[in-house]
Amino acid sequence: MALRLWASSAANALKISSSGARAAAPAYSISRYFSTVLDGLKYSSSHEWVKNEGTVATIGISDHAQGHLGEVVFVELPEAGTKVTQGGAFGNVESVKATSDVNSPISGEVVEVNEKLSGTPGLINTSPYEDGWMIKVKPSSPSELDALLDPAKYTKHCEEEDAH
Amino acid sequence: MTARLLPPLSWVSPVSELVEVEPVLRDNVPVVRRFSGGGTVIVDQGTVFVTFICNKTAVTGLQPFPRDIMSWTGQLYGKVFHGFGEFQLRENDYAFSHRKFGGNAQSITKDRWVHHTSFLWDYDVKNMNYLKNPKRAPEYRLARNHTDFLCRMNEYMPSRSVFTEGLIAALSEHFTIQQTGPETALSHDNDFEPSTKLLSPQDLQDIISSKESSTVQRVPGWPQS
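Top line first, the protein sequences correspond to chains W and P. 51 is the number that my numbering gives to position 51 of the first sequence; each next residue is one higher, with no gaps. 1074 is the number that my numbering gives to position 74 of the second sequence; each next residue is one higher, with no gaps.
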């Protein structure tokens, strides 16, 4: 009981809402170490998320990833029309002392990039699942989503990594 | 060997905000724009480089994120410098007390990471004048100039070999150590194109002529197909 109450109050403090805004109530779960994992998304083991909307999929990095990266000061993104492959790097984020590759969870063609990130890269920190989205992709192999982690498995993955 | 400058490849800050371009051009100081993050450093005879090039599984339980890697190196170097000074990992710098002697830069991909450090075994104060005070500075710097902010390792350790031996001893707790030559670190991949770039005198002249844009530019060759 105490754990559920703690998780709930922490979630409210984090002010997470479900992306897409169709659901009446926020859909989230809290991983053990304060990072949030949204329902309705799929995740890669390298901490990117993908929101499948049929013809287009939106991609970004998870709250776990942005927390570990620290303050993002620059984001390098591909141009629309670029082909991406599952597990391959499509761009990078720069935090204070590091450049870190970002990898695409699915294969396809980039149809849109988040231009806001050039002026406000910190959106990745403050809103990793919404305003901090990075690219939109037209998937070439929709079945690739099956190989990704659902929110529960991704939460477990993060907890196992943080437990070391 | 004269000094050379090593700013990061990132387009976060233009070169003109990192270095004093006119004196650099006048004195023929080579400027090499490197691929990793971090700040601009001076490289001369007093600089010692230590670079970790690791597969993501090289250190058990270490997640390939900047803070995690930085923390692990801080613990490693804590053992190396134990007894020689009040070693601290201050934000992202190695310091004795509040004075920096080592700056770090990292590059992380899906399966590997690089963490490299420029250690100031010694430095020529004159060369620091080629650097501008960075706009983005750690809080503990407190607006100090280079001379008040930095210190030299040779003021704390008797010799470079003591440092090297201490580092090898600390690494031996994690790895099997084998001495080799620099040629083993070179790529034999004919398709590999390094993104690290030596800026030409024309590049520097263009910067002085204000042709360098402060807006975001795509790095040539990115993304790699």
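Read the hints as simulated data drawn from the structure, not as lab findings. Do not rely on the hints blindly, as some may be mistaken.
[Claimed, not checked] Label pairs and their in silico Cβ distance ranges:
id	chain 1	residue 1	chain 2	residue 2	range
1	W	A147	P	V1162	46 to 54 angstroms
2	P	P1138	W	E79	32 to 40 angstroms
3	P	Q1205	W	S143	51 to 59 angstroms
4	W	S118	P	V1162	27 to 35 angstroms
5	P	Q1045	W	S140	48 to 56 angstroms
6	W	A163	P	T1109	38 to 46 angstroms
7	P	T1164	W	S118	39 to 47 angstroms
8	P	N1028	W	T55	34 to 42 angstroms
[What the hints assert, rightly or not] Listed below are the simulated DSSO-like cross-link pairs for lysine-lysine, each with C-alpha atoms no more than 27 angstroms apart in a straight line:
id	chain 1	residue 1	chain 2	residue 2
9	W	K136	P	K1079
10	W	K153	P	K1079
11	W	K51	W	K83
All figures in this text were calculated on a predicted structure; none of them were measured in a lab. Beta carbons are placed, not taken as given, at the ideal position from N, Cα and C, and that holds for glycine.
These are the hints, each one checked on the structure:
no.	hint	verdict
1	W:A147 with P:V1162: 46 to 54 angstroms	51 angstroms, holds
2	P:P1138 with W:E79: 32 to 40 angstroms	34 angstroms, holds
3	P:Q1205 with W:S143: 51 to 59 angstroms	54 angstroms, holds
4	W:S118 with P:V1162: 27 to 35 angstroms	47 angstroms, violated
5	P:Q1045 with W:S140: 48 to 56 angstroms	53 angstroms, holds
6	W:A163 with P:T1109: 38 to 46 angstroms	24 angstroms, violated
7	P:T1164 with W:S118: 39 to 47 angstroms	43 angstroms, holds
8	P:N1028 with W:T55: 34 to 42 angstroms	56 angstroms, violated
9	W:K136 with P:K1079	46 angstroms, violated
10	W:K153 with P:K1079	38 angstroms, violated
11	W:K51 with W:K83	18 angstroms, holds
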